[in-house]
Amino acid sequence: MSKMQYDKDALFVQYQKSLEKLSKMESDLNKAQDDSESLDERANLHQTATVILSMIYQKMTKGGILSSSSSSPTSSNTCSSLIKSGDDALQRPVLPAWEIMEALPFVLEAILPACVHGRLSSRDLTRGLRDLVDFLPASITAIIDYFSSEVTRGVWRLVPMNGTDWPSPTTILQSVESEIKAILTHVGVAVLNCSSGDSPVMLSLPMAALVSLSITFKLDKSLEYIHAITGAALENCASGFPWPSMPVIVSL
Numbered sequence: 001m002s003k004m005q006y007d008k009d010a011l012f013v014q015y016q017k018s019l020e021k022l023s024k025m026e027s028d029l030n031k032a033q034d035d036s037e038s039l040d041e042r043a044n045l046h047q048t049a050t051v052i053l054s055m056i057y058q059k060m061t062k063g064g065i066l067s068s069s070s071s072s073p074t075s076s077n078t079c080s081s082l083i084k085s086g087d088d089a090l091q092r093p094v095l096p097a098w099e100i101m102e103a104l105p106f107v108l109e110a111i112l113p114a115c116v117h118g119r120l121s122s123r124d125l126t127r128g129l130r131d132l133v134d135f136l137p138a139s140i141t142a143i144i145d146y147f148s149s150e151v152t153r154g155v156w157r158l159v160p161m162n163g164t165d166w167p168s169p170t171t172i173l174q175s176v177e178s179e180i181k182a183i184l185t186h187v188g189v190a191v192l193n194c195s196s197g198d199s200p201v202m203l204s205l206p207m208a209a210l211v212s213l214s215i216t217f218k219l220d221k222s223l224e225y226i227h228a229i230t231g232a233a234l235e236n237c238a239s240g241f242p243w244p245s246m247p248v249i250v251s252l
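Note that this note's numbering numbers the sequence shown so that position 80 is 80, with each residue one more than the last.
Calculated from the structure, these hints are not laboratory results. What you are looking at is a predicted structure, and each value in this text was computed from that prediction instead of being measured. We put the beta carbon where it would ideally sit given N, CA and C, even for glycine. Wrong hints could be hidden among the right ones.
[Unchecked claim] Computed spacing ranges between beta-carbons, pair by pair: (1) Leu184 with Pro93: 26 to 36 Å; (2) Ser175 with Asp134: 30 to 40 Å; (3) Ala232 with Glu26: 47 to 57 Å.
Can you make the complete structure from the sequences, with help from the hints?
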């Protein structure tokens with residue numbers, strides 16, 4: 001092989017290595033840009049969630065409910081500025097509907113633990129969810145989807161349906177339970193009584209919250225269509241949850 005041919009081959013190999021190096025650098029740069037865009041998108045979602053929380057739960061945002069789950073400094077700044085503005089915190093945010101829908105899981109992820117740890121009462125939880133649906137009716141789909149998933153997970157504590165913190169089914173529970181038990185007994189299924197004793201019946205927190213929200217629509221004739229949607233979702237949840245969920249849901 002001539003020296004000239006050897007030099008050409010060596011240059012070609014070097015050229016190929018340079019191309020591979022440039023290609024890797026370009027790939028790393030694109031990955032870094034994608035990661036940056038992903039972080040920016042997540043920060044924007046947390047910011048939107050904080051704005052929604054400030055709208056429906058002014059007192060809750062003062063306790064920094066979202067701060068534990070949000071790494072975005074922009075979120076906390078937005079929250080603080082809204083709170084300092086007093087009544088302005090209750091103003092409706094001017095945001096595209098799809099941005100609100102994307103942020104709703106973060107909102108719901110914040111309010112359930114807040115209720116568990118006593119930073120948010122059951123009534124305030126229900127009122128806030130209702131305000132959210134009044135603000136954006138389509139949000140009921142996200143609420144149902146999230147709460148149904150949490151019911152299925154089975155990790156939330158049970159809450160007493162005692163008529164104080166959560167609605168009570170005791171008025172007609174016994175008759176409803178008797179009817180359901182009669183049907184089940186006819187097909188050979190034995191179930192325990194849920195209305196006996198002095199202790200209140202219990203439901204998981206997400207299911208209790210969904211029940212309470214559903215009742216608010218039941219009381220409003222103009223929102224019967226939303227009540228029908230939440231009712232169907234509750235029936236699906238109760239059918240896959242241990243007894244006595246079904247008679248309790250039917251009673252309410």
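_Numbers of the earlier hints that this structure fails to satisfy, in rising order_ = Hint check: 1 fails alone, others pass.
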